[in-house]
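Chains as they are written, first to last, in the numbering used here: chain D, 307 to 731; chain Y, 101 to 380; chain W, -3 to 306.
Honestly, I wouldn't trust all of these hints.
[To be verified] Chain Y regions said to be covered by chain W (calculated; three or more residues, Cβ under 8 Å):
{"#": "1", "region": "168 to 175"}
{"#": "2", "region": "240 to 248"}
{"#": "3", "region": "325 to 338"}
[Claimed, not checked] Partner residues are not named here, just some residues of chain W that face chain Y (Cβ under 10 Å, in silico):
{"#": "4", "residue": "Ile25"}
{"#": "5", "residue": "Trp60"}
{"#": "6", "residue": "Val62"}
{"#": "7", "residue": "Ala85"}
{"#": "8", "residue": "Val89"}
{"#": "9", "residue": "Leu90"}
{"#": "10", "residue": "Tyr120"}
{"#": "11", "residue": "Val124"}
{"#": "12", "residue": "Ala201"}
{"#": "13", "residue": "Val204"}
{"#": "14", "residue": "Gly206"}
[To be verified] Not the full set, but computed from the structure, chain Y residues with beta-carbon under 7 Å of chain D:
{"#": "15", "residue": "Asn114"}
{"#": "16", "residue": "Phe118"}
{"#": "17", "residue": "Met122"}
{"#": "18", "residue": "Ser144"}
{"#": "19", "residue": "Tyr147"}
{"#": "20", "residue": "Met224"}
{"#": "21", "residue": "Ile319"}
{"#": "22", "residue": "Asn322"}
Derived from the structure by calculation, the hints contain no laboratory data.
Ideal placement from N, C-alpha and C gives every residue a C-beta, glycine not left out.
Spelled out, the chains give:
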Amino acid sequence: MKKILVIALVALAACGFVFAKGASEASPAAEAGPKPELTTLKVWYSISGNNGKFFESQAQAFDEAHPEIALELTYTGKYSDTATKVSAAKVSGEAPDVLITAASQLYTGEDGNFTIEEDVKDAEFKFDDIQTGVLEYAKYNDRLASLPFGISTQVMYYNKNLAKAAGVDLEKNPPKTWSEFVTVASAIQKASGNPDVWGFDTSDGVWLIKSMLNQNGNSVVQMKDGKIEPVFTEANAIEVADFWKSLVDSKLMPAGQHDNAEKKFLAGNLVFVAATSNRISKWAGSTDFELGAIEMPYFKKQSVAMGGSTATIMATDYWKHDASWQLLKFVLNTDNQTAFALTSGYLPIRKSSLEMADVKSYVAGSELYSVAIKQLSYAWAYTHFAEMGSMDSFFWYALDEIERGVKTPEQAFKDASASLVAEME
Amino acid sequence: MAKKLKTRGVNRTNWVVFVILMLGSLLMIFPFIWMILSSFKTVSDVYTYPPKWLPSSWKWDNYKTVFDMIPFGIYYLNSIYTSVVQTILMMGIAVCGAFCLVFLDFPGRRPLVSLIRSTMFVPMVVTLVPMYLLVSKLHGVDTYAGIMLPQVFSGFTIFLLVSFFTTIPKDLCDSAKLDGCGYFRILWNVVLPNAKSAMSTAALFSFLGHWKSYTWPLIITNKDKYRTLPIGMKYLVQESSSEYQVMMAASVMAILPVLVIFVIFEKQLVKSITLTGMKS
Amino acid sequence: MNTGKAAMIHRRVIFGKSYDTEQLHAAMILLIPVLVSIIMIFIVPVVQVVLYSFTDMNINTGKWKVTWFKNFQFLFTDEKFGKALRNTAVFAVLKLVFDTFLSLGIALMLDTKIPLRRYLRSSYFAPVVVPVVASSLIWIWFFDPGVGPLNQILAFFGLKPLQWLYSEKTALISILMFSVWKGIGYNVMLFLTGLQNIPDSYLEAAKVDGATNAQCLFRVKLPLLRPIMNFVVMIGIINTFKVFAEVDVMTPKGGPLYSTALIVNYIYEQAFTRGKMGRACAASIILFLIIFILTTIQSRMNARKTVDYE
Chain D
307 MKKILVIALV
317 ALAACGFVFA
327 KGASEASPAA
337 EAGPKPELTT
347 LKVWYSISGN
357 NGKFFESQAQ
367 AFDEAHPEIA
377 LELTYTGKYS
387 DTATKVSAAK
397 VSGEAPDVLI
407 TAASQLYTGE
417 DGNFTIEEDV
427 KDAEFKFDDI
437 QTGVLEYAKY
447 NDRLASLPFG
457 ISTQVMYYNK
467 NLAKAAGVDL
477 EKNPPKTWSE
487 FVTVASAIQK
497 ASGNPDVWGF
507 DTSDGVWLIK
517 SMLNQNGNSV
527 VQMKDGKIEP
537 VFTEANAIEV
547 ADFWKSLVDS
557 KLMPAGQHDN
567 AEKKFLAGNL
577 VFVAATSNRI
587 SKWAGSTDFE
597 LGAIEMPYFK
607 KQSVAMGGST
617 ATIMATDYWK
627 HDASWQLLKF
637 VLNTDNQTAF
647 ALTSGYLPIR
657 KSSLEMADVK
667 SYVAGSELYS
677 VAIKQLSYAW
687 AYTHFAEMGS
697 MDSFFWYALD
707 EIERGVKTPE
717 QAFKDASASL
727 VAEME
Chain Y
101 MAKKLKTRGV
111 NRTNWVVFVI
121 LMLGSLLMIF
131 PFIWMILSSF
141 KTVSDVYTYP
151 PKWLPSSWKW
161 DNYKTVFDMI
171 PFGIYYLNSI
181 YTSVVQTILM
191 MGIAVCGAFC
201 LVFLDFPGRR
211 PLVSLIRSTM
221 FVPMVVTLVP
231 MYLLVSKLHG
241 VDTYAGIMLP
251 QVFSGFTIFL
261 LVSFFTTIPK
271 DLCDSAKLDG
281 CGYFRILWNV
291 VLPNAKSAMS
301 TAALFSFLGH
311 WKSYTWPLII
321 TNKDKYRTLP
331 IGMKYLVQES
341 SSEYQVMMAA
351 SVMAILPVLV
361 IFVIFEKQLV
371 KSITLTGMKS
Chain W
-3 MNTGKAAMIH
7 RRVIFGKSYD
17 TEQLHAAMIL
27 LIPVLVSIIM
37 IFIVPVVQVV
47 LYSFTDMNIN
57 TGKWKVTWFK
67 NFQFLFTDEK
77 FGKALRNTAV
87 FAVLKLVFDT
97 FLSLGIALML
107 DTKIPLRRYL
117 RSSYFAPVVV
127 PVVASSLIWI
137 WFFDPGVGPL
147 NQILAFFGLK
157 PLQWLYSEKT
167 ALISILMFSV
177 WKGIGYNVML
187 FLTGLQNIPD
197 SYLEAAKVDG
207 ATNAQCLFRV
217 KLPLLRPIMN
227 FVVMIGIINT
237 FKVFAEVDVM
247 TPKGGPLYST
257 ALIVNYIYEQ
267 AFTRGKMGRA
277 CAASIILFLI
287 IFILTTIQSR
297 MNARKTVDYE
C-alpha cells in the first residue's frame, strides 16, 4: 500500500512537472552561437500526392546543394490533421522548423513572432516581386507572419456537353454577374431535361461566401482598435445571404450537399461547380465530358477569396532559422515557384513568373488555367486571426441553416456573428 | 466429443435458422463483394447512374496506382509489427490484472476495479495532447516504443478476461491449492489452460484494435519508416477522395491479409473452444 | 518445498481486514505492470485534462490562464453542445439495443446445428476486421444519393430515394446502420464464446429432466450468459458514448444541421478546429461523469441479480 502511495505521489509530481514545463516553454530567445557543422531541419507540409512529391524533389535539390543542412521532410496529412499534429507538437516544444499548411501564420503570429518581416529584406529574395494581393494572404492581424506558398482560388468549372446541349456558348458569352449566371445556369439545367441534374453547387460554401461578401463590398471582419470584429451583419452581407437562399429556392442548388458536389459534377449531374483551382491538374482530360471554366461571377466588383497554404518558420534557434530561410528562399525563387505552380495547379506568386515563356505558353494552351491566372489579378485575401477556424465552422453552420430553411438568412448570419464575438472574448 | 459439441441443444438441422442466418450473412458480406468488384472499375464505371455492379473491363491498374501513391509495403509491415507486439504486451498486463481481480484478495481491490473501469471513460481525443507531452519528454516521438507503449493498457481486455475467468470453477483452483501450488502456478497451470478461448478472443480483439488505430500513430510519427497502414489509407482518401476505385483497391489489399489471418486464427479459436468444452 | 506451506495459511491484518499473505505477495508482484501502465497512460494525462478544464488553454499557442468554471458555464449554454448531447443519447440507446439483442439472437442461432457454420460465423465477424477508413468509404458510396446502390435498390422496390447522409432526418440513422454492421461481430463473438463455455453436462441434465428447447434457453443458457451480458452492456455503454471515427469520416463538421455530431466529435472540434483545449477538457469531464453514472447504475442493477453458477 505504501508503495502504491509513493508511486502515485511520484506520478503526480511528474505530471505537475510536465504541465508546468509544457506551458512555459513557449519561445526561449535563441542566442546565436558559432555556426554548427550540420543543421537539421524538420519540415512539415500538407501538400498531398503528386504535388507533395514535386515539393519533395525541390527540397531534395536544396538538400544536395547545401551539405551543411539536412532536411527531415514529413507529409502531415490534410489541413485538419496537420493542425492537430502541429498543436500537439508545439505545446510540447517539438514543433517543426518549417511548416507549410493552411494558415500556418497562426502558429507564429499568435506568439508575436514576425521575424519573417526581417528575413524578406534579404535582397536575393526579391520581395518586391511577390504579388501584393497574395502577400496579404500570408499576414496575421495585418502583419507579415509567413509567406504565400500554394495559393489557389475557386474557379467556376462547367460541363461543356450540357452547355452545348442547351445551345449555349459560354466561351463566347460567359455570364459576368451572378444574376446573369443564374439565368444561364437554370437555362442549361432545364434544357437537360433530366430531373437529377442541378444547375450549380460548390464543394466549399464557406470559401465561396467569403468571395461573395467581398464582391458586395463587405470585408467579413475588420480590425478596430487592434481587435478583430465581424462585420457580416451589415446590409450588404445580408443581401448575399438572401442570394444564397434564392439559389436553393429556385432549385438551382441542392440544399446541404456541398460535400457531394464534386462527385455530382464528375457524374455529369451538375452544370456548374465552384471548386479549388488545383482541381485543374487533376480533372483536365480525365472527365467523361468536356470540361470548361469561366471567371467567377460577381455582384458589385470582381473578387475571389484566396485559399491554400502558406509557409512559416517556427524555428527559434538562430542557425535553424537561418537555414529555414535559405530553404524558403530556394523553393520560392521564380524558377521553383513557377515549376511548382505549373505542376500542381496552384497559382504563381511572383510577378516575374507570369512573364516567363513557359507560363505564357501554358496559359495560352489551357483554357482552365488561363481563367485561374486572370482571377489572380483580383484575388482577395481575407484577414487571418486566431479564431478563424471557429469563424469558418460558424459560417458552415449558418449556410446549412439557410439552405435547409431553419433560419432566415439574416438570423443565421446574426447568430454566427454573435457566436464569433463570444468566441473571441 | 467434439462432434457432440456441434449438435448439442438441437439434434436435427434447423433449416429455418439456417435461412435467416444466410440472409443476414449476405447483408454482412455484400459490402465486401462491392468493394472487390469496384476495385477493378474504371472512373466512368464509378460515376455512372444507375450504378454498375460489374466493371466494364477488369482494371488491375488501380492496384498499381496504390503502390505509386504510398509506400504500402513499409506501412503494412509496421502495422503488423506494432499490432503483434502491442497485443502481446497488452495481454500480459491484462492477464496479471484479471487474475488478481478474480482470484486474489488484497486491500484496495474495489477501488482498483473502479479505477480500471474509469480508464475506459476517457476518449483518446482528449488525452492526445497530454499523452504527446509525456511521450515527447521521454523521447518517444518517431520510435516504435512511442507508438506502442501508450496503447498497451486496456480496461476492456482486463474486464473481458475477468468475465471469462469468473466462469472457471473455483474448486479447480482450490484443489490446486491443496496440491501445494503457488498462485503463479495456478495462473499458469490452471487458469490459462482453462481460458484458452477467452484468451484467443481477447487477443484477437486487441490485435484488431491496434490494427485499426489511426490518430495516435499519426501524431507520434513523422517518418515514413514508422508509419502504419491506416495512416496510409487516410492519405489515399485525402489525395483521391473522388477516385473510389483506387480506394477500393487499397481497401482490398488492406483487408484481405487480415481476413486470412482471421480465418486461420478462427480455426484455433474453435479448437480451443472445443477443448475447454470437453474439460468441464 | 511448497507442499508443507500449503496447508498452513499465514494471515495479515490491513485496515482492519485480514488477508492471506501469500495472496498479498502474488498480488503485489502481478499488479506492478498494471499500476505502472495505469499511472502513465491514464492518471498522468487525466490529471492534466482536469487542470486544463479550469483554464482557457489554447492549443495553437499553448497559452493559458485560470478561468475556473467558465468553460462549464459555456457548455451548459452552448446550443451545439446540447445538440451533441441529444444526438449521443439517441445514438447510444439505439446502438445499444441493436448491438446487444441482435447479436445475442445471432449468437444463439449460430449455436445450433446448421450447415456452413464456420462460414456463417466468419461472415458476421468479417466487418470487424476492416479498418474504419476503408469500410466507411464503401458505405459512403452506398449512401451516395446519386451513384450509390442503396437508392438503386429502393427504386427497384418502387420506393422513393433518400438523401441518407445529406438530410438531417436520415443522417444519424445512416451512420447507425453502418456502425451496427461494423460492430455487431464483436458481440456475436463474445456471446458465442460464452455459449460454448457452458458445460455440456448442464444442458444434458436439463434435457434429462425433460426441458424443452425454450426452457433450455431461458432457464439454462441465458442465466449462464449473464456475466458476458453484463460485460457486453457495460462495454456497450462506454463505447457508444465514445464513438468518434465513424461520424468524423462520414459527416465531417457535424453533418446536416449538426444532427450527427456526438460528444466526442464536439470535443474534437473544440480542441483542434477551434483551438479551445480548456473547453474540450471540460466537455470530456462531463462525458466522463455521464458514463460513470450510467455504468454505476448498471453494475448496481446487476449486483442485485447476480446468478450463482456453481
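Open item on the list: Run through the hints listed earlier and report the numbers of any the structure violates, in increasing order.
Closed with: Those not satisfied are hints 1, 2, 5, 6, 7, 8, 9, 12, 13, 14, 15, 16, 17, 20.
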